[in-house]
Amino acid sequence: MKIANRFKVSGKSVFPYVLLLPTVVAIIMFSLYPFLSGIWYSFTDIGWVGDEANFVGLKNYKYILTGDIGAARFFKQALVQSIYWTLTAVAGQFVIGMFSALVLNERFPGRFLFRMALLVPIAIPTVILALTWQWMYDPFYGLINYYLRLFGFLEGPKAWVGQPNSPMWPLIAVAIWRGFPFMTVMLLSGLQGISHELYEAAEVDGANVIGRFRYITLPQMRTIMTIAVMLHILWWWNHFDIIRIVGQSGLEFAYRIATLPILGWFEAFQWSHLARGAAISMMSMLMLIGIMIWNARREIRSVRL
Amino acid sequence: MTTSREIQPGIDKTHRLKIGTASTAMLSQIGRLQKMFRLIMLYLLAGLIALICLLPILWMAKTSFETPQFIRNAQVQFWPLQFTLENYKNVLTNPHAMIWRAMLNSLTVASIATVLNLMITTSAGYAMSRFEFKGKLVFGMYLLMIYMIPRTLILIGLFVMLAKLRLINRLMGLVIVYAAIGITLSIWWLKGYFDSIPVELEEQAMIDGCSRVSALRRIILPLSMPAVAAVGLFQFVDCWNEFMIALTIIQSPQLRMLPVQIVFFMGIQRVEWGPVMAFSMIVAAPAIILFSFAQRNMVSGLMAGFSK
Amino acid sequence: MKRFRLVLGIVSMSVILTLLLAACATPEPEVVTKVEEVEVTRIVEGESETIVVTATPEPEEPKEEVTIQLWSTAWFPSSIDARMALVDKFNEEYKGRIQVEYIQGSWGEVGTYVQSGVAAGGGIACLVEYEVEGGAQEFYMKHWIQDLRPYMTDEWRALMTEKQWEARRFPDDGAIVANGTVLWEPMQLVLYNPEHLEAAGVEPATPDNPWTWEDLVENAKLMTLDANGNHLGEPGFDNNNIVQWGFLPRLDLEKVWEYGIRFAQQRMGKPVVRQEDGVWGWYLDEEGAEVYESFLTVLQEGVAPSMAIGLSGDSLHEALADGTASMILRETFAIPIIHDNYPDFELGAMPTPFNPGDTMFYKAGGEGVVMTRNCEHPEEAAEFLFWMMKPENLAIYAYGNGMLPANYDALDAEPFASDPTWDIIKDYLERGEVFTTSYNPFLDEFKDTVAAPLLMEVVEGKRTFAEANEILAEQANLLLNQEP
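Residue numbers (the numbering used here), protein chains in the order written: chain A, 1 to 305; chain B, 1 to 308; chain C, 1 to 484.
Extracted from the complex, chain A is given alone in its bound form (with noise of 0.2 Å):
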């Protein structure tokens, strides 16, 4: 692979900026300012679209941090619950994706076709997945609970999700499902940059599959593995429709499987209250954001030093 050179552009060329004007704009208006407007937000106490919003300072933040009563009540819960759900979501894909990657790296015919296979998950919009899979977790007629019933670790009816007390892990296997494709993807274009020299030089050297992976395969895939990881902790940190379709009925909130953007909707749009709804949400991005910089801890020393 090789890395362009860069033009060197002295201050006087105004080419990229003109081609980069769209893309600010277009960012300026319909990412900074939803944004910008949301972080005021949080800041006033305003009900709902339409309300008058009055600046109070650190209210909202306080209240859900420090109160008891509504949302404030859950928001610990939905934080160990945000947490809960994205480690253990992106600790499956990630695992069920490098066992895909290495199966589909090695060549043999009909390759293809099982590459077709995998983009399926993600070609599905989340509605009907979400639908076919509540259908599949049917408690009488489901296909889950058919085969857990054929094989004797079931009795009668059960049902997975939709219930008040429903556990999380059911919507954690969909989204794992969901999201192991794309893990798969990124890891199968680090691997297929590893040249087989090395493979082959240790071979020779008399290491097996296990050795191969530990000593070449790894190191060699740090910075995409660390990449892939990065990105789908952030998209499932922030992920909403999996749960909200899938594992409640209705507009019940669910609080057992509440996580932070979950609660920040309701807080929003169902109890108006958009002000602490947008701190809440503004405290999950900020989590996110620690989240993110500490897995990523050693590319910002490097790029320090």
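If you're looking for bench data, these hints aren't it; they were derived computationally from the structure. Treat the hints with caution; some may be incorrect.
Reference listing, derived: stretches of chain A covered by chain B, where coverage requires no fewer than 3 residues with Cβ under 8 Å from a Cβ of chain B [stated by the list, open to error]: (1) 117-130; (2) 160-172.
Below, in silico cross-link-like pairs of lysine to any residue (SDA-like), each with a Cα-Cα straight-line distance of 25 Å or less [claimed, not checked]: (3) Lys164/B <-> Tyr61/A; (4) Lys136/B <-> Glu52/A; (5) Lys158/A <-> Gly302/C; (6) Lys158/A <-> Asp444/C; (7) Lys163/C <-> Asp444/C; (8) Lys62/B <-> Asn73/B; (9) Lys164/B <-> Glu52/A.
One side of the interface only, derived from the structure: several residues of chain B facing chain A at Cβ under 8 Å [what the hints assert, rightly or not]: (10) Ala50; (11) Ile52; (12) Thr63; (13) Lys89; (14) Leu92; (15) Asn241; (16) Ala287.
Note that the Cβ used here is the ideal one computed from N, Cα and C, for glycine as well.
We have chain A; now place chains B and C onto it with these hints.
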């Protein structure tokens, strides 16, 4: 991507092994068995992965072709107990489903948004790739930051802003939002891809007398077509599948997007999984087909993009 | 290659342009002018004669036909059919003056719909169906809908009792936020399988001979059978092999609140969440608490599986129809749904438990149709709101919906008049007394963050009801008295 390590040239021990001919024949026998074993293992494992990926789809397909009475049945299999097309007929001719209208809307919005997005991000990606300019690093970090903002936070401000611009409940509003949302990811990929195209090509062209712009047009663009197409396809599918924003912004039934229409349709057909799954198949099919077409290009494009 | 790119460029440009033009179209509701031939009745020499005339746009027409849209939240076939029939009837009667266009909406998306409409400055339906307490009241508070008082005539006002109108009044300024379509109380019934009751030798409850909660549980035990036909409480009853459940309630985060409060209020005659001396709170007296606790702890009696937690209404219908459950707790609208989905199943209905001799209280309120803020034809919309409340019309709507009409006179019209399953409800109305509640904007938050989780814990046996009640009272004082 890190540079490759140096290995000692010229030493390839396998070729150095000199064994008698008979043993070589036996070894090749074992070698073939080993190869077959490897192949079988690979097919099994890859098959397992493919099965996991496709299981829900197969189930969805089966339900959609199943006669409604047999959907809730203790007997579970992957081929319909009684094959029927009536679910599809129901969905396609049901005036409540409004499926054709919704499809047209989704198609319109996704296409225009993708084109807009590509126009913006191709030039931006090129700029990020080829030029060193003040504020480049900051801009890169800034893009990353934008990507991290949770949707709930943006949704509120976005909604208010669109309301002021009178873009609520108009397809154009949705188009603009979709085009804007996909910017970050597209720029990353395209930049990565442009990085992989050697600069020498442009330099050569410019030496031959082209201006920078025409070098861009004649050389870079054709070369990057596969990657651009792949990114475009990804954006298209993203727009096709998007739900939350479409739900919030579009209210009139004649302007609804396809995924939103499913939810409304489900409200009517609450118990019937058959028509709902049929509807889902119809919505998901184009996305899956498009994705599989672009599969080759996508993977190579993504590969290039992620080797930062 | 070059030519190909050129062609591709031109084609894509033209496609983009066409699509752009299509996208820029604003969604104006189409004014209905499709009629080509019109039947005109002319009065000629005292006799009316009907001739067919081709309609040409006549500029001298005094008033143009106005189309307003009705966004409906009907969600099962017979309710949808009923609304559409109603709309057709209206269009028939008001042809040439007002036409109503029926739009299928969704119950879960009403808030988003109305909010977006307001934000967009219009472009949505004039009329939207929704619930009054958590819906229309809230919308009015947020200035998303209009006050109906300016359009109300005395005739219209007379179509519903004052108490019911009060339930649709916004407390601060007395505005009427919605008309009256159907009521939510009394609406609760116990639907049962007559064969099971017969087999167990149990007489169904009637309004004159009601069951108490103890009776219900006892009878349910008689009908909770294992594979050998033994019932719960009999020696030799096999707990791991239950094939028939006596009583299946709905116990999820919504219902522990909705149903429990309903039963408690039925006993108390006052709202549970109300103001005492100006302070909002959760006030359950002893009787109310008793009923609430009985409802919540039914699972612990063993007459329903633990899986009953979170079961949907549809699952309940299914369980009843295929014999897995003998009795289910459901609302009146379940009756048409079960008839539709399980036409061969014979259904019985009996009143919910209450102490004989008690007064049955029921709360005013329910659903109504609101007029959105940017409605372009408020007068015409109001006309529809008034028209639909007339007995003969409301009967169509309410019957299809399976709920009590807000105008009691509609119960005497078809199709209510000739349907015996409605007798129980009619009896409730006669015996019962109505009370009203007041609106508190923090009710949803209280329910979601405090009440539902706590009550759920009681259901699961993790907490006693007394404890939960105490905490609820305490938290309610804090939450419900916030400044808006």
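So, going through the hints one by one against the coordinates:
Here's how the stretch 117-130 of chain A fares: 13 of its residues keep a CB closer than 8 Å to some CB of chain B, so the rule of at least three is met and the hint holds. Using a Cβ-Cβ cut-off of 8 Å, 0 residues of the stretch 160-172 of chain A lie near chain B, which falls short of the minimum of three, so the contact claim is violated. Proximity of Lys164/B to Tyr61/A is assessed by CA-CA distance (about 28 Å); at most 25 Å being required, the pair is judged violated. Between Lys136/B and Glu52/A the CA atoms are separated by roughly 39 Å; this puts the pair beyond 25 Å, and the hint is violated.
A distance of roughly 17 Å separates the Cα atoms of Lys158/A and Gly302/C; the hinted pair therefore holds under the 25 Å criterion. A threshold of 25 Å between alpha carbons decides the hint, and for Lys158/A with Asp444/C the separation of about 29 Å lies outside it, so the pair is violated. Taking the CA atoms of Lys163/C and Asp444/C, the gap is about 24 Å. The hint holds against a cut of 25 Å. The hinted pair formed by Lys62/B and Asn73/B meets the criterion: a straight-line CA distance of about 13 Å does not exceed 25 Å.
With a C-alpha separation of about 16 Å, the suggested pair Lys164/B and Glu52/A falls inside the 25 Å cut-off, and the hint holds. For the restraint placing Ala50/B at the interface with chain A, the shortest Cβ-Cβ distance is roughly 4 Å, inside the 8 Å limit, so the hint holds. Among the interface hints, the one on Ile52/B holds; its C-beta lies about 7 Å from the nearest C-beta in chain A, closer than the 8 Å criterion. At its closest, the beta carbon of Thr63/B sits 7 Å from a beta carbon of chain A; the interface hint therefore holds under the 8 Å criterion.
With a least beta-carbon distance of about 20 Å to chain A, the hint placing Lys89/B at the interface is violated under the 8 Å criterion. A cut of 8 Å between beta carbons decides the hint on Leu92/B: the least distance to chain A is about 17 Å, and the hint is violated. Hint status for Asn241/B relative to chain A: holds, with the closest Cβ pair at about 4 Å, below 8 Å. Interface hint status for Ala287/B: upheld, as the beta-carbon distance to the closest one in chain A is roughly 4 Å, under 8 Å.
Going through the hint list in order, the structure does not satisfy hints 2, 3, 4, 6, 13 and 14.
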